[in-house]
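**Student:** Line order of the protein sequences matches chains E and R.
When we follow the working numbering, the leftmost residue of the first sequence carries the number 1, and every step to the right adds one.
When we follow the working numbering, the leftmost residue of the second sequence carries the number 245, and every step to the right adds one.
Read the hints as simulated data drawn from the structure, not as lab findings.
For every residue, glycine included, the Cβ atom is placed at its ideal position computed from N, Cα and C.
Fair warning: there could be bad hints in the mix.
To be verified - Simulated coverage check for chain R against chain E, where a stretch passes if three residues somewhere in it have a Cβ under 8 Å from a Cβ of chain E:
id, segment
1, 248 to 254
2, 303 to 316
3, 367 to 379
Stated by the list, open to error - The following label-pair restraints were derived from C-beta to C-beta distances:
id, chain 1, residue 1, chain 2, residue 2, range
4, E, Glu228, R, Leu374, 27 to 33 Å
5, R, Arg361, E, Lys122, 52 to 58 Å
6, R, Glu364, E, Glu150, 31 to 37 Å
7, E, Ala123, R, Arg380, 49 to 55 Å
8, E, Ile201, R, Arg286, 32 to 38 Å
9, R, Leu374, E, Ala123, 52 to 58 Å
10, R, Arg320, E, Leu136, 55 to 61 Å
11, R, Ser358, E, Lys196, 49 to 55 Å
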Amino acid sequence: MKAEELAELIGSITDESLIVLPFKDRKHSGKRTLPRFLSRAASVAAAAVLALFISTTAAEAAGVRVVTPFVSWTGSTLRLDYSAGLDQHEDAPEITADPSHKPVVSSIPSERVRFTSEEEFKARVGNMIRLPGEELGLEFVSAEGSLGKETGVISAFYTLEGKEIDIDFTYHSVMLGDEYSSRTLLINGVSRYENKEIAGIECTLAYAAPWNYISFVIGNESYLISGEVEMAVLETVAGSMFAE
Amino acid sequence: MEQALELMALLRARDPAAVEKAMEIYSDTIRSVAGSFLDDKRDVEECVNDTFLKLWNSPPDDASALYPYIISIARRTALNSLRDRRRGKKRRGQLDSPISELERIASHLDDPFSAARANELKELIRDFVLSQPPERQQIFILRYWYQREVPEIADRLGITSNNVRVQLHRMREELKIKLKEKEFYV
């Protein structure tokens, strides 16, 4: 079977419980539904415009010459109504990430960040977390995550000779035990695990071709490096992050 | 079902009231589906309107097929709109598109399928997704139904991209096991 056919098959699932997703927990994402009076007004406006189009085409099909100018059914009325509705409701609360996903993360609100500039990224987090060595030739793509006073989670994306390498950083206000590197165990389908000391730091290596993973803890920081590259490449990246 | 029958009757009679009826029944769902594909509110509304216009121009054959038919139109319309917007944009990770991820499973599935066998496969995947915890359901649906990029999914759910990637990898491996059990996987 072709992948596109499998994708179409998945796309034909229509269970409302699956495809209607919970409200986005992003600021300014807007309401999923309009306030009742605007919803009705927008619906009536849209129905009227669409009905005009339909009656026009139906009349023309019946051989009757229609003189009423055709009004585009994607006309401005509907958009204005919708936009007006949104403008009045730009007060969606900022919701922080669900802390239950990260067992050690505190519930103190954190700041969502996104970086597309390596300079800005380094300037902001360079003193807080370990970065890969510049001599490796990793090309920074972007980084995003949450920064808080006590905890933070950042995912940074790099490429190395066209291959993706991702580095997840997590820092906490408390020292982490070795069990935290068991984050790697999230990965089912790992062909084998290996504990290995790299530049004096105990690491967990997880082979899950084509993606490989290295996880380690340094004090109150935990890292998960992964990429569609040989494990030796990830070991080099990890090693470059251990230098004091 | 009663509402669907009523709507079908209006559509067959080419009664313009069908449009308002359809909007009354399905607007919120269609808007939610479109809104999960598209970020721009105007694109969402255009998709909603396109969906109802296509329904008017080409209604399904029977009332029982009305809901999946409308969802299918909305999804295709939103997906085309999303692809138009992505075209020309620099995309990180061309290699990890949702289609290329499914290739690893699809290449092991029998082909061609009878309609009954295809439906059986669809039900297996559906049941598999329904059996997942809520967050994993969302990750699967966002990636393979909505074809969203991994960073977008991570941002929406407030988790890291690597976590998303790991969960997807894990679900694909678990799905392979299910497919093997039901002798779909060769």
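**Student:** Hint by hint, which ones does the structure fall short of?
**Tutor:** 1, 6, 7, 8, 9, 10
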